[in-house]
Amino acid sequence: MKRLRYLATVLIATLIGTSYAAGAPRVDAKSPTASQHTYYGIANIQQGAPLNFFSPSGMGGQWGSDITMAQLGDWHFGSNMFNFIPVIAKSWKTSKNGKQVTVDINPKAKWSNGKPITARDLYVTAQIEQIRGTVEPYGLANPITMVNSHEVIYKQISSSNYNLFLRQMLFQTIAPAAQYASLLPSDINTTIKDSQYTGTDPALAAKAKTALTTLSGLAKKIEAFNPPQNLSDGPYKIQAVSPSEIVLAKNNDYALASKIRIDKLVLRNDNDDNQTIWNMTLAGQTYQMTSGGMTPQLIDQMKHVSGNSFYKVSSTASLQMIFNENVPPYNNVKVRQALAYIIDRKPVWRVAALVAGSQSTTITGGVDANARAYLTKAQLKSLTPYKKNLKTAAKLLQQAGMTKKNDKWYLSDGSQWTMTLYTVAGFNDVIEAFQNIANQLSSFGIDAQPQLVPTYAQYLQDLPNQKYAVGFWIGTSPIPYNFLARLYGGPDGYNVENGQLVHYTAADKGKGNWLNFPTSVKVKGYGNVKVGPLTYALSQTRDPAKIRKIVQELMITTNQYVPEITMWDVIQTGFVNQKYFSNYPIKNVSVMRSCTGDYPPIGCWENFGYITPK
Amino acid sequence: MTVIGSRVTWLDTWMIEARNITKTFAARGGGILPGEVVTALRGVSISVPDSSALALIGESGCGKTTLGRILCGLEPYDGGDLVFDGVSMNGLSPKERNAQFRRIQIIHQDPYAALNPVRTVGKTLTDPLKLRAKQIGRSASWVDERVHELLGLVGLDPEEVLSKYPHNLSGGQRQRVVVARALTVDPDILVADEAVSMIDVSLRLGILKLLNDLRARLGIAIVFITHDVAAGRYAAQGGSMAVIYRGEIFEYGTIDDVIQFPVNPYTQSLLSAVPVLTGLEQPGPDRFTPKQAMDTDRTESGCLFHGRCPFATDTCRVEHPELLPMDGTKRLSRCHYSTTRRVVARPIQAGGGVTTP
Amino acid sequence: MKRFLLRLARKLLAGIVMIWVVATFTFFLVRLMPGDPAAAQVESLIQQGYSEEQAKAVAGNMYGFIPTDPVPIQYKDYISRLAHFDLGQSTFYATGEPVSHLVMAALPWTIFLVSMGILVTFAIGVIGGVIAAMKRDSVIGGTITLLGSVLHGIPQFMIALVLVFIFYVRTHVVATLGPYDVEQVSPGASLGYIGNLAEHAVLPIAALAISGFGFWALAMKSSVVTTLGDDFILASELRGIKPSIRFRYIARNAFLPLFTVLAISLGFAFGGVIFIELIFVYPGIGKMLNDSVGQHDFPLMEACFLIITAAVIVSNILADLLYAVIDPRIRTEK
Amino acid sequence: MEAILSEEPQSLTSKELIPAGRGQRGQSFWAIAWSVLRHRPTGMLGLLIILLFTVLAIIGPYLYPSPLPTDTNSILAPPSRGHVLGTDFEGTDVLALIVVGTRYVILSAALAGFFIAFFGTVLGLISGYFLGWTDSVIMRVTDFVLTIPGFPLLIVLATVWKFGDPLSMGFVLGIVGWGALARAVRSQVLSLRERTFIEAARGLGFSSFHIITREVLPNIAPYIGMKFLLGVTGAIYAQVGLFFLGVVPFSVSNWGVMLNFAYRQAGAMYSSNALMYLLAPLVCILLVTLGVVLFLDAADEILNPRLRRG
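Residue numbers (our numbering), protein chains in the order written: chain A, 1 to 614; chain B, 1 to 357; chain C, 1 to 334; chain D, 1 to 310.
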């Protein structure tokens, strides 16, 4: 028995040891200062992720923690115009032709260590973005000009006339030169310049290739860099992180610190299948939650919790079922139209997105709100609504050479028509939608089956590799060029290289064209429409009337040729609890929309002057 | 009688002959360490004549059971040879050898373990008979007849036992079923390994009688392995007896000779240990007990028995004795000093005298 | 003793061989994956702007072998890295982070849960088993036995869900899931932290205990019943030895065989705690395994699986040692 | 979850070798089974539950032909006259889903039990009967299978293996779970070898195949039968666990998928409407396993005459 007792002692000692090791502090664990206003929220926390927002899995970009020059302000459907509220920048000026932007830095803008943000930080950041290749599509010329310590000039290269240049420059996340400059070699500008050569001189081309290799190596180094200390804090500084929680404190060095009224922000990790979100909301323990895919009944219950207010903001995204037109029969427009007639989109929406979506009534490539904003009343009326009509569908299919035998549809080559609808594990709304669509198709005589791809990353990787004939994606952005380029841009083989539009066909493997929409189609009232160049033109003009005309043309083309079937328009929903804090922007659609990217949107809302402690 | 090499040939016809069989076992638990080796048989030769009987007698662990199993082909041997009707087993293919070994069937000590508990008596007998029917080209109906015949032969009522499971039978009945099963393949020899030691005393005689009966009626030879001298004597009536000690035959001769007039000290020590029925028997005058218990004696030099033998001399300690014929008798003995001693108890006559057979 | 050490050495060797086999198995399993994840990684790196050579090198770092090399060479690379405890780099979680770091951060949580859970389960189960055996004709004994069988038949994740439902969803007795409350305490060797840790561990350990109770109670009961039938116990009864002393006899002798099972079950619990970690949000190996499979982070997946297997092997060896330490019959043998 | 993979508690499985016969003369197997079940109402209940689900597995898909009707006007509806157990996320009757889903669960679990019994028995028999190098090889493989933690292995395998149909699910569960049985069967065979009837059979000239199948196997059949039943319960846990984690393919009527959706999507824990969507598969899983557990004791008694009441 003595031996057993000894054994027990050893075991207990081991336990205490492991429990200590389990909690070995990773982050500075000072006890929080006495605070007046603690705010509870929910976030997706990746413990141990590097404090580097260039890293694909870094911790930047949450709770408004990355600092940009400005924040997207007011905008509305049907226009390319935006307002911005300054953050690091105090003010900016755009040249008349829109190709040059001069930015003046806010003297109050400081890094988390209290040092001021200077022109050099912006200069180094621009270099880093050149290395990573992220600013190339916008035509930013390298290097940028430092006028003085607080003023810089961004220029577009001569061949580029990108109309969202200002927006792009202002949204740049700024990196502290003190940390990142040491990663860059002194001749970096030469290397960048060398890499941009596109001429025919073989010596220079070889040099360009070497330069590209150097740059991609540097990009990797930058992404892998894990700074010992985060200097780029936004409104909040991380105080402590545990696997289930993160505690943040107000950052007094933040440019807009005067607008931040929360002293301490406690965010619970929601990496447990919504259980934390739901439980905390039902208990009134979170002051803000963003959630899609909730049942109406859950929403009802949450509404009854004291202080909870439900909000619902129409978003700019839609869920689209898409076709790979390399794969017959989906290359046949009649088949795509027929599918649009077979699928009743109302039950699809009801099953998948009753709360977090609104029924889509148009097929134009954009959300209904976009269609209403850009199309005239007459045009709206002339759109084919694709209301469920099995007779029309059958007729279209017969015209496409298909036959129906024993209640099953057969392709023109005599094989039975089966459909695999690809979606991603965990994307429950899409799974539910595809399940419903599969049922509808099966009742019509097309054997359809949803199929789950394990990860979204894999799905996005397989999509351009033409692995799926039928899939889904999320049509995004209110900006006409962006949502139309989703269909007639990169995925259809139209790429911008050095300010020029280049088209690759589906045969150019690995060049990204997998939608394989015809380069030119005949559209009633417009004649031959060349979708690629027309879409590109959207990014190159600053004339609102011209933009409107192009959008109309492309929307009607989409409606007639159905490269996608919009299943529903996404609605942003969530709750805020007004027991301890009030003045939420939930009625301000612009603010709500511009803060959707932040999770949670607390810091973003505060930048606009919202959220007041009671 | 002649001894040529180690081959005992005092009979002209023999069915089975073991020549100089040796066998060792690797002790367990060796693992990657070289294991110890236990020597079971050190060159044993016996022969079993047609429809004769041979009793193998010795203490437990002496190798008699191993020898029995080797005879039945259940155990491979390391050296020597088995010769069936003049055919050497060493030269046969495994398949041919198995066919030969089928002629020798074993009757195990524990009749319960020897029967498959989930099969009825009928099934136990039918299966081997079916195999037999195929071999000798008989019909299915023959199998049925034969089952009844065999059960009759071993003295069981077919109607009563056919559908019974082993646990429904008495020990004696089970052993009879075992015998019947052995008979299904028409063996020439039955090796009975302590065949009655686990059966109620009251039923033993029946089984022994059955074995004798089979010998008499069917001409089946019996090899009777036992530590019980009386049972051995009864079972191997008219046959011969081999006394085995630590893997060697110490004495060999006709059964009555060996028991009445043992010449080897080891045989004598065994017989001395046979209990005497006080009042009915008188102990042999030369009775003695060995100097130490068997398992403490592990000497490998000289006579293997010298450590326990009260008559051992220095010669015994050094020189290993051979199994040699006694002058003028059909008797072999392994001793430097073979001599007859009177160790067997004799019945007391009504008149008080002692009979001399 | 020499014999004992020799046996230990043999077991360790067998364990290493086993780990090698498992590593080989997962290596080829990953090669079997549709679409070859390593090659896909190269592809996606090239798309990110890497040159082909660099992409291969980077993916090589991630997986522990160069994806486009012939399989035998890949295998050799992989094994030789493994021999240096280089498990490659995560492809999803904190890209480029050595897998060994991630696994080492997760391991303490699993060890904590598993060892605590097993100890509590074992204690409760053994006591229940003894009672069930001693009073096996009474209502209590019958109830324990029945409860044991029923609980043994309920999947662990159901019990965990029920506990979450009662204490987290409905009554809010527990405010947060997860291992501790960082808002209230900071990790360190403080009493507050350990208390907080213990508080949060109550539910997951309860789930482990409830689902494991049946196993131990039934095993202990049968062990005690067997011991009760032993000759020496019967003899002690006849000799009139005090019941309390007899109880110690019984407990000790019934207890011994279970101790080895305890160590073995420690290893299996490593693989079995996945649901508990997921439902109660403990960032342990099991959760990491599940997440890495979900994200197709194969280097991490391989590492998690190897660690879990190694845990089983180590606890098997531990079981062997324990048995030797506890059981006097084995201890005295040479 | 490790039930099919690890050693069972001694009280449940490591019963001594069962030298079972068919009992008294004249009593058929069915008569014995009936008399045991009559005296054990719990065993009878277990058998009835098993039978009920087996019948559902057979006729289920005929009761509710595919595709099941959906009604998007009553999504996640609470129980009502039309939908006794409510509806799921697309308005399909939960009862219909449960009934249709029975086939996959029962069939794959039965197949898993079969494969466990098959691999375990064959390998254990061969290993224990032939010994020597065959035994060494098989036992090393068995050690390997026993050491690899089963459920994590299933999760890892899910990355390559498609569990879509019951056969592939049952097969993989069988492959993962046979180790303990093989080892147990081997030791049973070893102890049977001590019994001389095996030797006698060899002496009579029977082939090894005959001896293994006709002499050895019937003796351990009851033991294997029990292991089969335990394997079935283990397989149900394992597959439902896999579906619950969502690592295997999607099928609306799969009980594990129902659990997953009810828990993660419908918030069944938080809203009473969807509670039946969560509870129905849960209760069914418990019922099936309870049925097997209850029946186990009776089955033990039927197969093992020594436990039979005098």
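If you're looking for bench data, these hints aren't it; they were derived computationally from the structure. As the structure is a prediction and not an experimental result, all values here were calculated from the model. Any given hint might turn out to be false.
Straight-line Cα separation of at most 30 Å, BS3-like style, residue types lysine-lysine; simulated pairs [stated by the list, open to error]:
#1 Lys162(D) <-> Lys509(A)
#2 Lys579(A) <-> Lys614(A)
#3 Lys467(A) <-> Lys162(D)
#4 Lys524(A) <-> Lys377(A)
#5 Lys408(A) <-> Lys162(D)
#6 Lys221(A) <-> Lys76(C)
#7 Lys108(A) <-> Lys509(A)
#8 Lys108(A) <-> Lys259(A)
Evaluation of the provided hints:
Pair hint lysine 162(D) plus lysine 509(A) holds up; C-alpha atoms about 29 Å apart against a cutoff of 30 Å. For the proposed pair lysine 579(A) and lysine 614(A), the alpha carbon gap of about 8 Å is at most 30 Å, so the pair holds. Between lysine 467(A) and lysine 162(D), the direct Cα distance comes to roughly 18 Å. Compliance with the 30 Å bound is thereby established for this hinted pair. Taken as a hint, the lysine 524(A) and lysine 377(A) pair is honoured in the structure, with Cα atoms around 17 Å apart against an allowance of 30 Å.
Among the hinted pairs, lysine 408(A) with lysine 162(D) is consistent with the structure: their alpha-carbon atoms are about 27 Å apart, no more than 30 Å. Taking the CA atoms of lysine 221(A) and lysine 76(C), the gap is about 28 Å. The hint holds against a cut of 30 Å. Between lysine 108(A) and lysine 509(A), the direct Cα distance comes to roughly 50 Å. Violation of the 30 Å bound is thereby established for this hinted pair. Of the pairs offered as hints, the one joining lysine 108(A) and lysine 259(A) holds, with about 13 Å between alpha carbons and a cut-off of 30 Å not exceeded.
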